[in-house]
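J.: Full structure from sequences and hints, please.
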Amino acid sequence: MNRSLRFLPLLVLLAFVGAVAWRLSSPADEKIESKMIGRTIPAFALAPAVPGKAGLSSKDLGSGKPRMINVFASWCVPCIAEAPLLAELKAKGIPIDAIAVRDRPADVAEFLAQRGDPFERIGADPESRAQLALGSSGVPETFIVDGAGIIRYQHMGPIEPDDLPVLVAQWEAAK
Amino acid sequence: MRYLLALLLIFAGPALADSSLPPALWANEQLPDPRQEAKAKALMEELRCLVCQGQSIADSNAELAGDMRALVRQRIAAGEPPEQVRSWLIERYGDWVSYRPPLEPVTWPLWAAPVLLLAAGAFLLRKRLVRRRG
Chain P
352 MNRSLRFLPL LVLLAFVGAV AWRLSSPADE KIESKMIGRT IPAFALAPAV PGKAGLSSKD
412 LGSGKPRMIN VFASWCVPCI AEAPLLAELK AKGIPIDAIA VRDRPADVAE FLAQRGDPFE
472 RIGADPESRA QLALGSSGVP ETFIVDGAGI IRYQHMGPIE PDDLPVLVAQ WEAAK
Chain U
125 MRYLLALLLI FAGPALADSS LPPALWANEQ LPDPRQEAKA KALMEELRCL VCQGQSIADS
185 NAELAGDMRA LVRQRIAAGE PPEQVRSWLI ERYGDWVSYR PPLEPVTWPL WAAPVLLLAA
245 GAFLLRKRLV RRRG
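Taken in order, these protein sequences are the chains called P and U. Counting the first sequence from 1 gives a position; the working numbering is that position plus 351. Counting the second sequence from 1 gives a position; the working numbering is that position plus 124.
No lab work stands behind these hints, which were simulated from the structure alone. Some hints could be false.
Claimed, not checked - Using 30 Å as the maximum straight-line C-alpha spacing, the simulated DSS-like pairs for lysine-lysine come out as follows:
{"id": "1", "chain 1": "P", "residue 1": "Lys410", "chain 2": "P", "residue 2": "Lys441"}
{"id": "2", "chain 1": "P", "residue 1": "Lys526", "chain 2": "P", "residue 2": "Lys443"}
{"id": "3", "chain 1": "U", "residue 1": "Lys165", "chain 2": "P", "residue 2": "Lys386"}
{"id": "4", "chain 1": "P", "residue 1": "Lys386", "chain 2": "U", "residue 2": "Lys163"}
{"id": "5", "chain 1": "P", "residue 1": "Lys404", "chain 2": "P", "residue 2": "Lys441"}
{"id": "6", "chain 1": "P", "residue 1": "Lys441", "chain 2": "P", "residue 2": "Lys526"}
{"id": "7", "chain 1": "P", "residue 1": "Lys382", "chain 2": "P", "residue 2": "Lys441"}
{"id": "8", "chain 1": "P", "residue 1": "Lys382", "chain 2": "U", "residue 2": "Lys165"}
{"id": "9", "chain 1": "P", "residue 1": "Lys526", "chain 2": "P", "residue 2": "Lys382"}
T.: Written out as structure tokens, the structure reads:
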């Protein structure tokens, strides 16, 4: 056997250990993006999540103007953090609807009373059906749906101040 | 004061990131038809939980996994073939959501790896045996 090949198995082993060690030291924070981006919003019709405010149906979207859909829940802690930023987006003239995942009307109402209510419509999604149909894998998430009802953008996790310009630009681009 | 704080912390409730709604119908109940339940169970074991990545939805206690089990059972009870339910989810989350990778150009290395590794092992062994005999 070629002498230089003698260490090949050891090198392979070292490469393997190195790859494992690298992955262990920087675990992949995998975000599973929705594959529905660029496609028509799936059909859903959600009952109102709070009394006195309309529910959300896929027919409400794609009515000529791009809209944001915020997937949130009253029991979701990061949703509290993004609440003021959603209010800022609303102040910029962006219409925002919401899907309340696995929530009770009283809890949603209390959350909105405490954290502000930037939403035009809020649909109740007690079994995460609409969330799964959208390809969303957690709360909070924010989608931008264009005037033709096509999903243009998905923001995963809470909106942070740095994300505002991106979201506004994406909303403008969806016009 | 410090001890009081520690004591208070011990009895403090953890911040729950779970909803207060009960699990969806069919999240934790078996379907009445054992054949449908078997189909649903087989599919649930091959679908990946979106929250606790690395677990199947059959194994996971996450609420979203419960809702996915409910979705699988409801659709199979309605007569949908399991593969159609799987492709509905793949359409939304990509091949990632399924534990059964499809055979396509991107996954060829995955399927070829065992064969190639066995071949490489046989090659190394052959060299060694030849040297011993000589």
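J.: Compare the structure with each hint and give your call.
T.: Consistency of the hints with the structure:
{"no.": "1", "hint": "Lys410/P with Lys441/P", "result": "holds (21 Å)"}
{"no.": "2", "hint": "Lys526/P with Lys443/P", "result": "holds (15 Å)"}
{"no.": "3", "hint": "Lys165/U with Lys386/P", "result": "holds (25 Å)"}
{"no.": "4", "hint": "Lys386/P with Lys163/U", "result": "holds (26 Å)"}
{"no.": "5", "hint": "Lys404/P with Lys441/P", "result": "holds (17 Å)"}
{"no.": "6", "hint": "Lys441/P with Lys526/P", "result": "holds (16 Å)"}
{"no.": "7", "hint": "Lys382/P with Lys441/P", "result": "holds (26 Å)"}
{"no.": "8", "hint": "Lys382/P with Lys165/U", "result": "holds (26 Å)"}
{"no.": "9", "hint": "Lys526/P with Lys382/P", "result": "holds (27 Å)"}
In this structure, none of the earlier numbered hints is contradicted; all agree with it.
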